[in-house]
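Each protein sequence line maps, in turn, to chains A and B. Going by the numbering used here, the first sequence opens with residue 1, and the numbers climb by one from there. Going by the numbering used here, the second sequence opens with residue 1, and the numbers climb by one from there.
Any given hint might turn out to be false.
No copy is singled out in the list; a pair is fine if it fits within one copy or between any two copies.
Under the rule of at most 25 Å between Cα atoms (straight-line distance), these lysine to any residue pairs were calculated in the SDA-like manner [unchecked claim]:
hint, residue 1, residue 2
1, K174, R201
2, K150, Y28
3, K174, R15
4, K174, A77
Just so you know, these hints were derived from the structure itself, not from any lab. As the structure is a computational prediction, the values presented were derived from the model and not from experiment.
Protein chains: 2
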Amino acid sequence: MADSFVPTARTRITREPHRAVYDRAAAYAILDDGFVCHLGFAIDGQPFVIPTSYGRRGDDLYVHGSSASRMLRGLQAGLPACVTVTLVDGLVLARSIFNQSMNYRSVVVLGTAHALEDRAQKLAALEIVSEHILPGRWADVRRPSDIELKATTVMRLPIEEFSAKVRSGPPVDKEEDLGLDMWAGVVPLEMVASAPLPDERTSRDTPAPTYVRPYIRSGWRRDGAGSD
Amino acid sequence: MADSFVPTARTRITREPHRAVYDRAAAYAILDDGFVCHLGFAIDGQPFVIPTSYGRRGDDLYVHGSSASRMLRGLQAGLPACVTVTLVDGLVLARSIFNQSMNYRSVVVLGTAHALEDRAQKLAALEIVSEHILPGRWADVRRPSDIELKATTVMRLPIEEFSAKVRSGPPVDKEEDLGLDMWAGVVPLEMVASAPLPDERTSRDTPAPTYVRPYIRSGWRRDGAGSD
Chain A
1 MADSFVPTAR TRITREPHRA VYDRAAAYAI LDDGFVCHLG FAIDGQPFVI
51 PTSYGRRGDD LYVHGSSASR MLRGLQAGLP ACVTVTLVDG LVLARSIFNQ
101 SMNYRSVVVL GTAHALEDRA QKLAALEIVS EHILPGRWAD VRRPSDIELK
151 ATTVMRLPIE EFSAKVRSGP PVDKEEDLGL DMWAGVVPLE MVASAPLPDE
201 RTSRDTPAPT YVRPYIRSGW RRDGAGSD
Chain B
1 MADSFVPTAR TRITREPHRA VYDRAAAYAI LDDGFVCHLG FAIDGQPFVI
51 PTSYGRRGDD LYVHGSSASR MLRGLQAGLP ACVTVTLVDG LVLARSIFNQ
101 SMNYRSVVVL GTAHALEDRA QKLAALEIVS EHILPGRWAD VRRPSDIELK
151 ATTVMRLPIE EFSAKVRSGP PVDKEEDLGL DMWAGVVPLE MVASAPLPDE
201 RTSRDTPAPT YVRPYIRSGW RRDGAGSD
């Protein structure tokens, strides 16, 4: 795949085009920082938007869930999908309501997903999702049984038609508003993990694995290390 | 409106029905904790899922944006919408991959939005959205001019057909997995605001307003006060 791409009519950013990112690596970095997407599909014109976890490897996204779920049955029936990943980085406080904004990074992927049927492919995809969310965990946990694997639908969505959008930095006020005597700026927001909580059946002698102490994704800061 | 409601065939939770919340107050608490929704609409069967800010007052959601946006033009044309709000509260590490999960709270609202045409209604709705995101800011900033208001579409979506889903607490493992010698538990995740960053044009003599130091939404903890 090329490093940059030509948007289609459906994915060209028309609103605030200067925030559009048509760079595959930049879009993938956003996908890799997130782990919950909002997956849309439509039945008889009615859209449904469902949050779900995902993983990325190469030019594919993977989602999974119960074989009985409406979402996955719909996708298996060939319904077009939209997968959107949004990371909120801050509130942008301008001097006018009109210029209030948020700092964010988002990616929208349009396409049609396909169910994986092959046992080894399904397992590999589940590992991709698991390792996307929490690198290291896959090596520790019990793998799916055949019955569990049958009850799980795993789907691949090629990242072909997509767009990304990024806003960062301070507010952009109109020239005539700059003279207003008012605080303007950014309130940074981040997802932060705090100390892992063992369940009742975890032995006191079993330390939390290194991959959760602390759990930090790319771009996250360590809990308690804030600048406040 | 009644405190509880009867789900429709489209909003009845079929997957993990024990996680369904059919209580209006509980759903509203989730909507009030969030401020970014994922709004879905479909054109010729192709869904689009766009992140956007929102506000709630009473039994209505409000969204706004540029009058030129594809999303708002589509909603104005009467396309059915789906608004989903998801708050991620933690990673749930079970002893098997099959039982891995997340703690989350989510609300899905189905319906048709209507544009507000009346100037006073539009202003009131913009205030609702602004105060939903950042209570206190509306009183400080410059209000929209007539030109800005004309360039802004504000829409109301009645919260009539909806569902909510909540998962909380430790992992739920199969009985036969409980004997596995493995750490299992929850990694709590939260959105945290850090110290506000004034822009270059904000005078050093202008303190950050009290509503951003610190910015804490209901259920958020104060930055730096983690249990780590």
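Hints and how they fare:
Taking identical chains as interchangeable, the C-alpha atoms of K174 and R201 lie at most 25 Å apart only when they sit on different chains, with a minimum of 12 Å there against 59 Å within one chain. For a Cα distance limit of 25 Å, the shortest separation of K150 from Y28 qualifies neither inside one copy, at 30 Å, nor across copies, at 37 Å. In the homo-oligomer, the alpha carbons of K174 and R15 lie at most 25 Å apart inside one protomer (18 Å), although the nearest pairing across protomers, at 49 Å, exceeds that limit. Proximity of K174 and A77 under a CA criterion of 25 Å is satisfied in neither setting, with 49 Å inside one chain copy and 31 Å between copies.
The structure shown violates the earlier hints numbered 2 and 4.
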